[in-house]
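Can you build the whole structure from these sequences, using the hints too?
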Amino acid sequence: MRNFLTTIIVILFVVSGLGRPFEAVGMMTSSQYTIYADSIDTGGIFSSGGIYELEDTIGESPVGSVTGGAYEVRGGYQYMSSSTLSILISASSVNLSVLNPTVVRTANSVVTVSTVSDSGYTLSIGGVSGTSMTAVADGAVTVGSAEYGMAASGADSLIVGDVAVTAPLSLASAATPVLNRQTTLTFKASMAWNTALNAAYTQNIVLVASANF
Amino acid sequence: MNFFCRLFLILFWAVVFFTPAAARAFTIGPVKFFITIDPGAAGQLAVNVKNDEAIKKIFNLSIIGLRQDENGRPVFMSDIDEAEKWTRPEMPEMTLAAGAEGKAVFNINVPREAAPKAHYLGLAVEEKSIGSAGSVGLTPKAIAIVILQVAGEAREKINIEKWQPSAGNFWDSRRVFNLQFFNAGNIDAPVSAQVRIKNFFGREAASQNLELGNNLLSESRRFIKQEIFLPKMWPGWYEARLQMTYGRTDQKLSANARILYFPKWIILLAAAVIILCIFFKLRKRKNTTPPKL
Chain A
46 MRNFLTTIIV ILFVVSGLGR PFEAVGMMTS SQYTIYADSI DTGGIFSSGG
96 IYELEDTIGE SPVGSVTGGA YEVRGGYQYM SSSTLSILIS ASSVNLSVLN
146 PTVVRTANSV VTVSTVSDSG YTLSIGGVSG TSMTAVADGA VTVGSAEYGM
196 AASGADSLIV GDVAVTAPLS LASAATPVLN RQTTLTFKAS MAWNTALNAA
246 YTQNIVLVAS ANF
Chain B
8 MNFFCRLFLI LFWAVVFFTP AAARAFTIGP VKFFITIDPG AAGQLAVNVK
58 NDEAIKKIFN LSIIGLRQDE NGRPVFMSDI DEAEKWTRPE MPEMTLAAGA
108 EGKAVFNINV PREAAPKAHY LGLAVEEKSI GSAGSVGLTP KAIAIVILQV
158 AGEAREKINI EKWQPSAGNF WDSRRVFNLQ FFNAGNIDAP VSAQVRIKNF
208 FGREAASQNL ELGNNLLSES RRFIKQEIFL PKMWPGWYEA RLQMTYGRTD
258 QKLSANARIL YFPKWIILLA AAVIILCIFF KLRKRKNTTP PKL
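Listed in order, the protein sequences are those of chains A and B. If you read the first sequence in the working numbering, its first letter stands for residue 46, the second for the next number, and so on. If you read the second sequence in the working numbering, its first letter stands for residue 8, the second for the next number, and so on.
It should be emphasised that the hints constitute simulated quantities derived from the structure, not laboratory data. Please note: incorrect hints may appear among the correct ones.
[Claimed, not checked] Stretch-level coverage of chain B by chain A, calculated; a stretch enters the list once three of its residues show a Cβ under 8 Å from a Cβ in chain A:
#, region
1, 172–180
2, 281–294
[Stated by the list, open to error] Here are some of the chain B residues that sit facing chain A, going by a computed Cβ distance under 8 Å:
#, residue
3, F41
4, D45
5, D59
6, I62
7, Q75
8, G79
9, V82
10, W241
11, W244
12, R255
Where a beta carbon is used, it is the ideal one built from N, C-alpha and C, also for glycine.
So, in structure tokens, the structure goes:
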């Protein structure tokens, strides 16, 4: 019985090492070069050294003769980074409910970004459509004023105070790879005492994540 | 095998199989492409898209123009680069089942008359979502960056538009300088710079490297606020000489700014000397004034 249990444990241990799903881009290494993307239409070899990393698509560098402030760029060269980028939004729709002149209504959504790109990422507003109230202009959505804006918080947040929801607008950025880096977006609205009570606003915001250059 | 060894293996196996993966909506990769194409030639780029959620998702595929802001971060806008018209996704949208992965292919056709130049694009993958009335809808979009160079002559040229100290006290040993420069060439360029502080006689009193960030894209502008630390120096006018190196051809560019430095101890010393002079002057006048009869 003891030997049977031991055998089962060892088998499970071995299988876990082979079956654990992992993110991978087909990568082979040797002492001289690393092939990052052998499935993309390049068929070339990635070589590194010096200042620039080149993938020789046709066996030649993309840079030709160099004189003064000019050099020749040759066609037919392609390089891609092997990194990935993930984006998750906790709530795809936030509702600020019925506004009240005595309180600022808020609603949150958390954006989570992960990337192994060595230049990090930037999260920004890429597009805004629909209808909204008067945008905040003084850095704070305050009680009794007809204003609408947003704030961002998190380790990489670039936003200070309450800002108007416009595009393009950088919200968060990091210069290094990140894992599950969260930025909380807080949407805020308030109404004035003389605001019409039967108005309704609907807005759609596109949140863009990309690697940095 | 003893009890503790078995326990370790059981726990290890449990952690490996039952550790929850981080929740993610969708993933794209690669996130950066660099491609050079001859005028009149074509190219193809493919972005892998993975639906990380437990339900089927539809993704819109599109092309968008790309610029840099003054801090070097990517800014995406439509209709800012002619290369947006050269690039098309093979399909406008793709449907992925839960956990499935697909390849979004983008074709590039460069016109024969295209001039040698670097173009900057984004290959966009946007999750199709439907908002509800009276709410704020949030749609995630991930973009892979493309640097597309049309083959030909690449010209590197950067102009320094501003190099000046910010307003401040002349006794401060920390001075903030404003540097603004623009890439007027047709290709992106790496940049680096150093500041040398020289005295009236041309001797170097201090030097400091500046952090200028990542490569500056063509037709992009960068603004840097840099703090320069002045060592203990004699009072007087100094010259802050900026030496910038840019491009793959290592072009050099320089600019000068003048700063006045008066350390606090000199001011106090001067004030003390003035007070003493006044004191002795008054005392002398008192001693030489004849008494009134």
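message = Min Cβ distance, B:G79 to chain A: is it shorter than 8 Å?
response = Because about 7 Å separates B:G79 from the closest Cβ in chain A, which is inside the 8 Å limit, the hint holds.
message = Three residues or more, CB to CB closer than 8 Å: is that satisfied between the region 172–180 of chain B and chain A?
response = violated (count 0)
inquiry  = Restraint: B:D45 near chain A, CB-CB cut 8 Å. Satisfied or not?
reply    = 3 Å, holds
message = So, as I understand it, the hint says B:W241 touches chain A; can you test that by seeing if any CB pair is closer than 8 Å?
response = With Cβ-Cβ at 39 Å, over 8 Å, it is violated.
key: chain A over the region 281–294 of chain B, status - at least 3 residues with CB closer than 8 Å   = With 0 residues closer than 8 Å to chain A, the region 281–294 of chain B misses the three-residue bar; violated.
Restraint satisfaction for B:V82 [CB to CB of chain A, less than 8 Å] = 5 Å, holds
inquiry  = Given B:R255 as an interface hint, is its Cβ closer than 8 Å to any Cβ of chain A?
reply    = For B:R255, the interface hint holds, since the closest Cβ of chain A sits about 6 Å away, which is under 8 Å.
task = Using 8 Å as the Cβ threshold, decide whether B:W244 counts as touching chain A.
result = This interface hint is violated because 33 Å lies over the 8 Å limit.
inquiry  = Holds or violated: the hint that B:Q75 contacts chain A, with Cβ atoms closer than 8 Å.
reply    = 7 Å, holds
query = With 8 Å as the cut and Cβ atoms as the points, is B:F41 at the interface with chain A?
reply = Hint on B:F41: holds, closest Cβ of chain A at ~4 Å, below 8 Å.
request  = Hold the hint about B:D59 up to the distance rule: shortest CB distance to chain A must be less than 8 Å.
outcome  = Nearest chain A Cβ about 7 Å off; hint holds.
key: Agreement of hint B:I62 with chain A interface, Cβ distance less than 8 Å   = 12 Å, violated
Hint violations for this structure: numbers 1, 2, 6, 10, 11, all remaining hints satisfied.
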